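**Q** Residue numbers (this note's numbering), protein chains in the order written: chain R, 5 to 203; chain V, 55 to 180.
Worth double-checking, as some hints may not be accurate.
What the hints assert, rightly or not - Over the 10 Å line for every Cβ pair with chain R, so calculated as not near, a few chain V residues: (1) ARG76; (2) SER99; (3) SER156.
Said to hold, decoys possible - Computed, partial: chain R to chain V, Cβ under 8 Å: (4) ILE26; (5) VAL32; (6) PHE33; (7) LEU39; (8) ASP43.
The hints are simulated quantities; they were obtained by calculation from the structure and are not laboratory data.
Bear in mind the structure is a predicted one, so any value in this text is a computation, not a measurement.
All C-beta atoms, glycine included, are put in the ideal place defined by N, C-alpha and C.
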Amino acid sequence: MTAIALPSGTTDADRFARALAILRGPEVFAGDTSLVAEDLRVLGQLLADGRSVVLRAVAQCHPGKATADGILAELEGEYGLPDGSLLSSAERQQRLLAKYRSRSWPAPTAVLATVRTFAAEAVLATNTSDQVDGSDPTAVFRFALLLSRAHLDDAALMDALDQRLAEQVSADESWSRGDRLGFRCDDPSSGCDLTLLAF
Amino acid sequence: MSARARRIDPTSGDRVFDRTRRSWANAKTPELAIVQNVLRTPLGSAARDRTYGVRPVDNAAPNAAALWRQNVLTALARWITAGTLRDVEVTSVVVPLATGGSALAYAVTFKGRDGRPQTFNGQRSS
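My request is simple: use the sequences and hints to build the entire structure.
**A** So this is what it looks like as structure tokens:
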């Protein structure tokens with residue numbers, strides 16, 4: 005195989021320059037000291053700029069990645085969210101992504117995806133029919149969200165979470181929130197206000 | 055507007071900058087640039103077109119000169135067929151080196167679109 009001298013470097017422009025040199029082949033010398041290398045780096049920068057523009061345009065179409073200088077405001081209007089210009093970009097992206105996910109169907113995995121938009125540590129606990137058939141069969145329509153105490157104490161966050169879940173879950177379902185399942189009298193971490201006995 | 059091609063130094067393979075014009079230097083003729091670039095490229099080494107380039111020969115082979123002539127004509131076939139290169143002829147001779155081995159000196163004569171005879175001289179070392 006013929007060895008080809010390539011421009012060095014780690015930037016996107018350098019990588020594109022190397023690709024162009026490989027396409028061109030050994031008819032030109034594209035090593036670092038050459039004018040060919042600099043010419044290819046300029047072309048590489050052109051390609052890198054074009055690539056970043058395309059990637060940015062694709063990102064703008066995604067609810068969690070649209071930016072304020074892009075189409076974030078338009079997506080907020082399209083999804084029926086109030087104007088978020090007073091919020092940070094991260095907050096706007098989070099609530100938009102949660103709104104988008106709340107339009108999914110009410111399966112546990114989809115509900116968990118919506119909840120984890122607000123709290124990445126969230127765990128979803130459900131009752132199976134085998135577990136509750138002899139006691140309270142309607143318990144299959146209830147589920148519990150286990151969150152961190154910091155998130156549970158955030159009233160605004162919990163309010164937003166409840167709004168999204170109300171849109172997503174079916175009318176016969178209800179949920180509880182807590183930091184853990186199972187109260188232990190001898191465990192100082194168990195809290196009467198946060199630990200769930202059952203759901 | 056006459057056709058132009060950027061000049062590539064046949065020895066270094068680098069582009070040549072013309073400081074008087076503050077721009078890239080032009081090859082003497084585009085056809086000469088084609089012949090030079092094709093003969094600088096071993097067949098298959100250019101990723102953009104694996105059929106581009108000239109198949110190398112072993113200079114020590116008994117029929118190296120004839121084989122090289124055939125390979126050069128094959129490499130330039132697409133331009134000969136298109137009429138870009140006309141009356142192409144390749145002469146080559148194997149020259150033994152004082153240090154051992156042999157070099158293959160060759161000359162490619164042709165006419166471009168303007169009909170003027172041109173020559174490209176080259177040498178392959180083993």
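**Q** Against each hint, give a clear statement of whether it holds in the structure.
**A** Each hint, compared with the structure:
1. ARG76: 13 Å, holds
2. SER99: 4 Å, violated
3. SER156: It holds; V/SER156 is separated from chain R by about 21 Å at its closest Cβ, greater than 10 Å.
4. ILE26: At 5 Å from the nearest chain V Cβ, R/ILE26 passes the 8 Å test, so the hint holds.
5. VAL32: Nearest chain V Cβ about 5 Å off; hint holds.
6. PHE33: 3 Å, holds
7. LEU39: 4 Å, holds
8. ASP43: 7 Å, holds
Violation of the numbered hints given earlier is confined to hint 2; every other hint is satisfied by the structure.
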